[in-house]
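**Student:** Heads up: the sequence lines are chains Y, U, A and D, in that order.
In terms of our numbering, the first sequence opens at residue 1 and continues consecutively.
In terms of our numbering, the second sequence opens at residue 1001 and continues consecutively.
In terms of our numbering, the third sequence opens at residue 2001 and continues consecutively.
In terms of our numbering, the fourth sequence opens at residue 3001 and continues consecutively.
Hints were generated in silico from the structure; no laboratory data involved.
Glycine residues also receive a C-beta, built at the ideal position from the N, C-alpha and C atoms.
A few of these clues could be false.
Chain D side only, calculated, beta carbon under 7 Å to chain U, not exhaustive [as the list claims (entries may be wrong)]: (1) Met3001; (2) Val3004; (3) Thr3020; (4) Asp3022; (5) Leu3025; (6) Pro3029; (7) Pro3034; (8) Ser3041; (9) Lys3044.
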Amino acid sequence: MALTSQASIPEVKEISPGQCLDERLNRLKQINDLGPPDLVQLVKHIPNSSKNSKSSKNEISTFLYYTGVDTSNSASIAAHLNSISMIIGGDSQQLWFGKFKNWKILSATYSCYNAFSKCDIRVNIHYPGKSNTLILDTKNERIQESELVWLETYVSSVMRSLLSSIDDDDDINPVVECRHLNPFDNIQSLDLFLKGFEVLFFQGPKLGCDVETQVPTYVSNYLVDTFLKAIELTNSYDKGLEICYRLLDREPSVIKLISEILLKKNDEINAVQVLYDGIQERPRDSNLLIIQANYCLEKKRYDFALSCATHAVKASPSEFKPWAALVKVYTELGDYENALLTLNSCPIIPHKQEFRLKRVVSTSPEFMHLPLPNDVTLEEVTSLNSQDVAIEHESIDPSLLNLPATNLSSTFAKAYSLLTEIAHRTGWEQLLKYRAKVFVMEEEYRKDKLVSTSNLSSNNSRTNKNPLSDNSNSVKLENGNGNGNGNGNGNGLKTSTSNNTRISLDEESNIIEAFKKKRLCERWLDKLFMLLYEDLKTYKMWQAEFVHFQAQRMLYKKNTLEWELLGMVAYRLHNYKEASTAFSNALAGRFSIKSTKKLLNYYQNEKKKLNKESFNLQLNIKTSLSQITKAQSILTDKIIDSSVKLAVWNHRWYKEFNPLILSSLKETVGEEGLVKIQNQIQAKYATNHNGVGELMNEYFKILVNFKVFGTEN
Amino acid sequence: MALTSQASIPEVKEISPGQCLDERLNRLKQINDLGPPDLVQLVKHIPNSSKNSKSSKNEISTFLYYTGVDTSNSASIAAHLNSISMIIGGDSQQLWFGKFKNWKILSATYSCYNAFSKCDIRVNIHYPGKSNTLILDTKNERIQESELVWLETYVSSVMRSLLSSIDDDDDINPVVECRHLNPFDNIQSLDLFLKGFEVLFFQGPKLGCDVETQVPTYVSNYLVDTFLKAIELTNSYDKGLEICYRLLDREPSVIKLISEILLKKNDEINAVQVLYDGIQERPRDSNLLIIQANYCLEKKRYDFALSCATHAVKASPSEFKPWAALVKVYTELGDYENALLTLNSCPIIPHKQEFRLKRVVSTSPEFMHLPLPNDVTLEEVTSLNSQDVAIEHESIDPSLLNLPATNLSSTFAKAYSLLTEIAHRTGWEQLLKYRAKVFVMEEEYRKDKLVSTSNLSSNNSRTNKNPLSDNSNSVKLENGNGNGNGNGNGNGLKTSTSNNTRISLDEESNIIEAFKKKRLCERWLDKLFMLLYEDLKTYKMWQAEFVHFQAQRMLYKKNTLEWELLGMVAYRLHNYKEASTAFSNALAGRFSIKSTKKLLNYYQNEKKKLNKESFNLQLNIKTSLSQITKAQSILTDKIIDSSVKLAVWNHRWYKEFNPLILSSLKETVGEEGLVKIQNQIQAKYATNHNGVGELMNEYFKILVNFKVFGTEN
Amino acid sequence: MVEVSLTVGKLDASLALLLTSDHHLIEFPTILLPEGVQAGSIIKIKCDKNLELEKREKDIFFRIQEQILNEFGRNGPKPPILKI
Amino acid sequence: MVEVSLTVGKLDASLALLLTSDHHLIEFPTILLPEGVQAGSIIKIKCDKNLELEKREKDIFFRIQEQILNEFGRNGPKPPILKI
C-alpha cells in the first residue's frame, strides 16, 4: 500500500451509523455466489471542535468496499484497518465534500464474506486499541473461530479479487466506492492460497462455475479458475503441478488441471503425453478431449481435432464447451454446414450471470466521496472529463449506440462469436445459402403448411428466395432491407425457429416429410443471425463510407465513442486489424479505458504471432529478420504505452491491482529484461512529480518478488 | 339495486385525489387476464360547513370497486353513478368514521377494463350535470368510442362478474371494498351478453382459460365458461343452442358446446346423438371424448368410458383433462395400478393461477370505510364477531391448521382429489402396496445403485419394506411414524422421484434394468402421497378419538374452526357423510361461511341422489316411497336454510350476487314452486324489520324475470 | 421405415441424450433402450408404422361408439319425475 | 433388444408425444418417425445395440490418439527462441 493516500480512499456517508453492516448481513441470506466485496466501516469525529456546533455534526460514519486485502487472520485485518485509520485520521486534514476536516477515527470495522461456510467475519477496532472478532452466519448467529474458517475466508477473498478483476468494464453499474489491492504482493500470500486450494479442493463445486459450464465439477469451478489464474500470474507452475499430483491420487479428473498447467508452462511434450495417458484411462473425459482438440487446432491438425471434439461432445452432450469446440473445428475445416448444425445443437445456458462484485448497501450519489488521487497523474489520462464523455455520448447515432449484439453475454456471446467466425470466412451471402441448406426456412414452412391444408400441390420451391441473398454487393444489404424506420430489418430473413413451430399440427403431418433432411433452427440462433445482420450492415456501411471519403480526399471524422463502437463491431466480426485501427483512432481523440484494453489485447496477440514467425524464421528464412525485429520493438512500445496508461487510470479509480497489466508487464519483462523496461518508462512517462515511475515500480516489485523471468538482470 | 343504502357501500379514502385512477392505469400495462374489478371514484365535500374549519378537510375523494354493473354504454354507467351519488349525498347524513357527515358528491368517475382491446373506459360526471367519456389504452393514449368497444367492455364486465363469484372464499386477501351486483337482472342484459358472445367468439382464446387447461381453444376458454354459466343460471338453453348452431357452421369444434348444453338441459338422447355424430366426424376431438367418457361413467358403463377416455388421451396427450378422465375411469373399474400409472402421467400445469379479482390501488386498513348494512339482519349471521373468530383461530392445534393439503390449487388440487379417490377405495395400506408395485421405491433405487457400484450381488429385495405398510391398524399410522417432533413423518415413505434421479449415472447403467418394468414416480405425485398421509393421519385420529369418547360416554367437544378443518379433511378424503357431520357441528357453534357453502353443496348432491332414487323407485319398488319423500323434504328445508344465511352474509359484505344461491333457489323453486318457498322463508326467517324477506325477493324476482320453471304458479 | 444409429451420450434413470452422426442432440426415454446400454454405447433404432394394430384399434373404437349410441341414444331413460 | 408399439398422440415439427399401452407419455424426436406418420398413427419401435459400429468407432478413436502422441508427444517442436 505504498501509494495509498487520503485521495485514494473513496468513502460513502452512512445515513444512520451501523446501517451498512446491518444491510450487509440482511443481504447475505440471499447470496449464492462468491459474495460481495469486503466492507470497511469507519466512525469518524472531530475531537477539538468548538462547543457551539452541534455534536451530531461532529461524528459521522462512512463505509467503502475492498478486495485483495489479506484476510487470513484478525491481526492482518486489524493492521489494515490501522493503516486506513492512520491515513484518514493523520496529521493532514481530509478534504471532505469541499471542506478540510480534521477527522479522527473512533472505530473501524472490517467485514469479509466466507463463501464456503456462508458466514461473515467481522473485525472491529475501537480506538485507542480495543479490538474484537466476530463471525456471524446468515441467521445472525455466532460461529466459532477456527483455523479452517480463516482459511476459507482468505480463499474466498482471493477468489473475489481475481475473478472480479478480469473484465469489469462492461459492468454498467460498477462498485466505484471500492479499493482493489493485489492479493499476492508476496510469496507467502500465494503459498497460503495454494494451501487453501488444496485443503478446500473438494468443496470447489459448491461455489459455482463460469457461465459456459452447466454443472460445476471438481475440475471446472470458480475455485479451480482462481487457482489456475494465480499460478499463471505468479509463474508458479511447478508449485501448482506439485499440488495437482497430490490431488490426482484422490481424484483422477485432476489430470485436466495438470495438462492445463503444462500447456501454460509451454511444456508441450509433457502436456501431450499427460493428455494421451489421461484419455487412455478416461476415454470419456470431455475436459481432456477439449484441451486436446484445441491443441490440435493450434497445430492445424484439424483431422485430429475433429476426432477429439466429436468424442468430447459424445462424452458430455449436455455441456456447452464440447459443442463449441466442435463448431470451431468444423469452421477451421471449412465444413460450414456441419459448423451451423453443430452450433444449432449447442446447449445454451440462458440465465447464468457472470460473477460480478455487487453492492450490498444501497446509497445515492450525493453521499459518495470519490476523491481524485493526485499522487499519480498523466495529463491525458487523469484529466479525462466524464461530462465531456457524456456529451459525446448524446451526439451519437442511436442505432450505432444500441446495436443489439453489444449486450450479449455468457453462452449467447460465445455462440455469437462462433457464428461471426463462420460469417467472417464465408461472407454474408454464402452464409445465407448454407443456412437455407441446413435449416427449414420460415416461408418454406408456412408454404408447406398452406399446401398441406388446402391440398394444392404447387411445386415451385421458394426455399432460398431471400431478398438478401440476391445482393451480390454486400453494401447493398442496407438498400435491400432497411426501409427508413428500421422495422423492416431482417424481413424475409427468418428461419422457422423451433419455438415458432410449437403449433399443434394435428392431422397435418405431411409437412414433416419435407423437413426430414433439414433441421429446425433454434430460436436463439435465429436471433443471432439477426444481430449479425445488424452488425454487418453497420460494418459495411462504415467501410463503404470510408472508401468514399478517401476517394473524395475528404477527412473521415468521428468522435472517440463512435470509433470505439465501430471498433467493437469490427472486433465482434473478427476483423481485428480494422478494429485496432478504429480503437487507435478513438484514442487519438481522448483516453478511453475500453479502447486501451482492447488494443493492449490486440498488441499482445500480434506479438505472439510475430514471435512464432520469428521462430519459424529460424527454420526456413522467408522474411527479413530485421523487419520482424523492428515490428516486435514497435509492438513492445505500444504494449508498454497501453499498460502505463491503464495503470494510471486504474489508480485513479482506486484499483491497485489488475491481472491484465501485470501479465502484460510480465511478458514484456520476460522478453526485454526488467531494467530496460523500467528505464523506458522512466524516460518516456515519469517526471519527478507525476508519480508514474513509483506506480509502475509497485507492479515491478511484485514481478521481482515472484522471481519472474527477466527480473534477474 | 332496491336494497342499496349508504350502509351497503364501502369506500376507501384516497391519499391524494385522482391517485386511484392513475395507479389503476399504471397497473393495466401488466394485466394479462380479465382485468381488475371496475372502479368508482367519488369526490365528496360538505357544502354548508362553517368557515373556521380548514377547507381541505371539507373535500375528500374516495373509491370502491364494482362488479356486475351494466357497462354496455355511457348512459347506463352514468345512471349508476347518479344512483350512488344520490344515496351517499342524499338527505340523510353519512356515518363517516364515527361521525355523521353531510357529504355531497362533486364528481364521480367510473372506470371499467376492456380485456379484448386492452383499454380502460372512463365515464366521469361533474355535478351538476356535465359528463364525459374517455377510453384510454395501456399507453395512456385515447381510443375512439365505437359500438364494438362498448360490447367488448360489457362482455369483459360480465366475465369478471361470473367467473370471480364462483369460489371466492379461499381468497386469503379478498377485495372487501367491492360491491357485487347481479349482471343479469333482466332478460335484455342476458341477450346483450349472448350477442357479445357470438360476435367475440373467435377472440375467446386470447383472454385465457381455466387452470386445468394448458392451451385455450375456441371451445375451452374463459369466454366460453362464462357463456355456459350464463346459460345455466338463466335456464336459457334454447337461446344458447341457437347461437351455437350458428357458430357451428364456421367452427366445427363448437359441437362440444352443443353437447354440453344439451346435457345441462337434461336432453340426454339428443346429447348422445350429437356426441356420436361429432365423434364420427372428429374422432380425435378430445373434448367430445371426455364428455362422452363422463357420461358413460355416470351410466356406470365403465367399459365404454375406458374406450372414450383412452382415446381422449391419445388425441390430446399434453392436456390435463383427458388424463384426469382416464384416471377416474380406472378408479371406477377398480384397476388401481393403471389408475396410479395414469395419474403419474398427468401433465401438471404448475404455475397457472385461478382468475381472482385483484386490487389495483394500494391502501391500508385505516383508510377503509366498511359500514355494516343494517337493512338486512339475521342475528346469528350478522352478529358474527371477527375478533371472536380470531381468538378461536389462535387456540387451535397448528398441525390441524397447517395441513399442507389445504393449500393445493389448480391441477395439483385436482390430482390430489384423484389420488384421494383411489385411497378412499383401497385404504392406505393397499394403496402403498399398489404404489410399490408400479413405482420405483427410493430404497430400491439407492440399494441398486449401491450394488452396482460396489459390485455386490445381494438379492434380498427390500422393496416393499415400508414401516407404514406393516401396520394393519390404520390408527397406528401415528405410532409407526410420528416421533413427537413431526420431522419423522413419512419416513421410508418416499418413492424415488424422477427429480431425485436426475443424477448422472454415467457408466452405471445396470440400475436401469431393474426398473424397466416399473415407473419413476413424478416428484409432485410423491409429494401428494405425503400430503395424503398427513390428511389420513388427522382423519383417523379424529375418528378414533370420537369412538373413544363415545365409549366413555364423554362429550366430544371442538370449536367451530376445528370442526370446519376436520370437515375439510374428511371432504378431501371423499368421506362426505363425516364431512357434513363436522360442518354441521361447526355451525352449531356459530355461523361460518365456508361450512355453510360446503353443506349447501352436500345437501344439493344428496338431493340429486334422492331424486334419482325416487325415479328408480317407480321402476322397481324397494324402499318405501314415503321415507324418501320425507328425506327430500328435510333436505329442502336445509337447502333453504343455507341459502338464506348465505344471502344475508353476502349482503353484509356488499355482495348482492352469488351464482351458488341463485342456482340452489332455482332448483328448489323448480321442485316446490315459488309460492311455497317464499311462504316458508317469510314464516321462518323474515320479520317486519329484519329485511330478509325483501332480500330473498330480490333473488326470486330474477327467477321470475327469466321465467324459471316453478315461478309460474 | 426409419433406421438410424445413435451414440448414447448421457444416461439417467428416465432420459438419455442421443447423438446422430450429423450432430443432432436428441432426448430419448431410457425405457426404450435395450438392456446393458451404457453412456458411450451405439444403438440402432428402427421405427416403422404398425398399420395392422392401428386398424384393429380403430375398429374397436368405432364399434364401441355404435354401442354407446344404441344403448343411450335410441330410447334412453325417461326424464325423472320429481314429485308424485 | 426392445420392441414396442406406441400411439402418436401429438406431432409437431420437432417433437412428437407418444403413448405406450400402459399410459407412459414419451417425448420423441419427430425426425426418427417414419414417413407419413400422423397424429393418431401407431408405430413400432425396435431398439438394439450396434456393437459392430461401436467397436469400429472406438478403434478409429484410439488409433488417432496414437497418432497425436506420435506427432506431438515424442519429439515436439523446440521452444521458440525469442531474441537473437
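**Student:** Compare the structure with each hint and give your call.
**Tutor:** Verification of the hints:
no., hint, verdict
1, Met3001, "violated, 13 Å"
2, Val3004, "violated, 11 Å"
3, Thr3020, "violated, 9 Å"
4, Asp3022, "holds, 6 Å"
5, Leu3025, "holds, 5 Å"
6, Pro3029, "violated, 16 Å"
7, Pro3034, "violated, 18 Å"
8, Ser3041, "violated, 10 Å"
9, Lys3044, "violated, 16 Å"
Against the hints set out earlier in the document, violations occur for numbers 1, 2, 3, 6, 7, 8, 9.
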